[in-house]
Structures are given as structure tokens and as C-alpha cells.
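Engineer: Here UniProt numbering is used: position 24 in the sequence shown is 24, and no number is missing along the way.
There may be inaccurate statements among the hints.
[Said to hold, decoys possible] SDA-like cross-link-like pairs, simulated, lysine to any residue; straight-line CA separation at most 25 Å: (1) 224 x 213; (2) 224 x 183; (3) 129 x 290; (4) 224 x 273; (5) 62 x 170; (6) 223 x 259; (7) 62 x 79; (8) 129 x 100; (9) 129 x 264; (10) 224 x 193; (11) 224 x 312; (12) 45 x 60; (13) 97 x 45; (14) 223 x 140; (15) 264 x 193; (16) 223 x 287; (17) 97 x 193; (18) 264 x 294; (19) 97 x 108; (20) 223 x 197.
Hints in this document: simulated from the structure, not taken from any laboratory.
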Amino acid sequence: MEPRVTVLMPVFNGAGFVAEAVQSILGQSCQDFELLVIDDGSTDKSAELVLSYDDPRIRLVKNEHNLGLVASLNRGLDLARGEYVARMDADDISRPKRLARQVAFLDSHPEVGVCGSWVRFFPDGYVWKLPPTSEEIRCRQFNMVGVAHPSVMLRRGLFREHGLYYDPAYLHLEDFELWGRALAYMQFANIQEVLLDYRITAAQVSSRHRGEQLAAVAPLRLKKVQELGVQPSAAEQELHEQVVNGTLPVDPRQLDRAERWLLKLQAANRAAGIYEHGYFSQWLLHIWFSECRRLGSLGACSWRRCLGSRLWSAGNASPWRRLQAAGAWTLQGLRHV
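Construct the complete structure from the given sequences, taking the supplied hints into account.
Structural biologist: Encoded structure:
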């Protein structure tokens, strides 16, 4: 019989952590799964460690040579037998009830094609809290990922029906690009609890290829802006990347430019109706607040510009959000004493 879930785990020279990852899957409260491990030409003992577990639910498939993460993931999607496919990295740890919680959620929400969760980074303990609803996730996808890739569970049949695979042209951004396409066919959701512990290491792709990621993501973000009916100039494209990447120069005049640009995007969306206006306005406010807080070294100037912006009223900011702003500025000011 086909399993309910295929846990898809590519591994390349992951002998240092793969045993913990495998054990976290074998210890799941939901036992109706197969663990499909794609060994991508490892030269260490990764494959031997996986085979050391005497469990018929483990399927080890070896690439003849190193194909890379994207090709391994696409091969895994083709080989998966489960109704649902759960992503898993070879250095992360799934909480014991992860599969059960996600299967139950997808069973009861047939409109949802991708289900993620909150993620705890370790060893620092930071919890990445991602939004619950599909529309909030769509707004977040305007400039960054709306679901944590290693935490997702997806409907295999729905992805096959629409020919949704990872695009090798977007190496190191394969998830951001894929989710952008998939949102046209299905709803997304994030379970509001930590179901995965994400290991932070210097060897991670996000650590080693940060510059490449920033260069590759710019065209995808530009496409999102153009979907609003805005054709930005070269200067506006540069400004947009500075604002969303948190690299705006420390200058009050730059805050003025950033505010005008975000208000322009807000007005364009109101006219085009691409995103739900309230959620999109809240996301633009989040971007504005984050950048003003980063430039807290400007002192009262940054504080007044942030709270005096029309983005606050349009984003329907709560008193609690304003209190958060005050606390953020206080902490930022103490760092610069």
C-alpha cells in the first residue's frame, strides 16, 4: 500500500547530522510514511549511516554523481509514493508530532496545497513565526518566502497536475520561485506552532551563497512589482532592493524616498487589486517599520518619520504595534550610546 506521506530528504556529505534527522522521522507519532533519502553523490558515510537503520520504510536512492539540491528534489518528487510529500533537510530535526499535525491539517483543509509551520533555529533558540493564512503568505511572498522550506508538507497530486517542479534556473532560491508559481493554483497555510528545529551552520547554502541569492532574487521581485502595474526606473529598482534587503543608506532623505516608494506600491495595489488591500498595507508597514528601526541611529528623526507616515494609518496599526515601535527605538538608542 502507498504511504500517506513521503518524507523527502536529500543528503550530500551530511554524516555529521543525518542520523539525528533520520531518528526524528522514525520517532514520529504518525507512522504511515516512507522516508525517501536521495544521496547526492556523498563522499562521506552518509549513505552507510542511513542504511544502518533496519526499517523497511527507509528508501535510499543514490544519484550516480552530484546533481545538486534542485535536481535531487525534483527526482524525489517523481519517486515519491505518498499522498503528501514532507520536506526534510539532513541536518534538521522534526518534532515528534510534526507529520501527524500536518496530515490532520491537510485532511481537514482540502483547499490548501502547501502547509508549513513555525521553525525554531538552534542553537540560538530564535522562533521564526510565519503567518497563518494564504493571503498573508501571498503578501509576504511579495519580497520574501512565506513558508519555511524545510517545514512544508505538500499535496503530491496537485503539484503533478500543474507540473510544479523546482526550477534549476533559480539555484539557492528554488523555494521562493516555486511558491510564487504554486500560489496561482492553491492556497498555503502555516500551522502556528514549532514543528521543526532548524540547525544553523556555516556550511548552509544560505550562509555560503548570500550574494548570489540577492542577485538572483532581484528579477523575481521586479516581476512582483510589475504585476502591480508599476514599471520602475533603474533608480526605483535599486531603491526597492535597498528597502526590502535592509541596505538603505543611513540618511533621513533616504527614508523619505523609501516612504514615497512604499506608498506608490500601496496605491498601485489598490488600483490593481492583486493583493487584499488590508494585508498588503500591513506588510508594507512591516517593511517600513523594519527599515526605520534599522536606521534608529538617526535618533528622533527616524522615530518621527516612522510614526508620522501614512503607512501607519493605512496598515491599521494597533496600539500594541506602536508600543513595540517605542521599545525598538529605545533598544536601538541604547546600542548607540
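Engineer: Take the hints in turn and mark each one as holding or not.
Structural biologist: Results of checking the hints against the structure:
Of the pairs offered as hints, the one joining residue 224 and residue 213 holds, with about 17 Å between alpha carbons and a cut-off of 25 Å not exceeded. Simply put, residue 224 and residue 183 have alpha-carbon atoms about 13 Å apart, close enough for the 25 Å limit, and the pair holds. Of the pairs offered as hints, the one joining residue 129 and residue 290 holds, with about 16 Å between alpha carbons and a cut-off of 25 Å not exceeded. In summary, the hint linking residue 224 to residue 273 is supported, as the alpha carbons are separated by about 13 Å, within the 25 Å threshold.
A threshold of 25 Å between alpha carbons decides the hint, and for residue 62 with residue 170 the separation of about 23 Å falls inside it, so the pair holds. Restraint check for residue 223 and residue 259: the C-alpha separation of about 21 Å stays at or below 25 Å, so the hint holds. The hinted pair formed by residue 62 and residue 79 meets the criterion: a straight-line CA distance of about 12 Å does not exceed 25 Å. At roughly 20 Å between alpha-carbon atoms, residue 129 and residue 100 fall within 25 Å of each other, so this suggested pair holds.
Of the supplied pair hints, the one linking residue 129 and residue 264 is violated, its CA atoms being roughly 28 Å apart against a limit of 25 Å. Between residue 224 and residue 193 the CA atoms are separated by roughly 29 Å; this puts the pair beyond 25 Å, and the hint is violated. A threshold of 25 Å between alpha carbons decides the hint, and for residue 224 with residue 312 the separation of about 23 Å falls inside it, so the pair holds. The straight-line distance between the Cα atoms of residue 45 and residue 60 is roughly 13 Å, inside the 25 Å bound, and the hint therefore holds.
Between residue 97 and residue 45 the CA atoms are separated by roughly 29 Å; this puts the pair beyond 25 Å, and the hint is violated. Distance check on the hinted pair: residue 223 and residue 140 sit about 15 Å apart at the alpha-carbon level, within 25 Å; holds. For the hint pairing residue 264 with residue 193, the CA-to-CA distance comes to about 35 Å; that exceeds 25 Å, so the pair is violated. The straight-line distance between the Cα atoms of residue 223 and residue 287 is roughly 18 Å, inside the 25 Å bound, and the hint therefore holds.
Distance hint between residue 97 and residue 193 is fulfilled; the C-alpha atoms sit about 11 Å from each other, no more than 25 Å. Under the criterion of a C-alpha separation no larger than 25 Å, the hint pairing residue 264 with residue 294 is consistent with the structure, at around 22 Å. For the hint pairing residue 97 with residue 108, the CA-to-CA distance comes to about 17 Å; that is within 25 Å, so the pair holds. Our distance criterion of 25 Å between C-alpha atoms is broken by residue 223 and residue 197, whose separation comes to about 32 Å.
Comparing the model with each numbered hint stated earlier shows that hints 9, 10, 13, 15, 20 do not hold.
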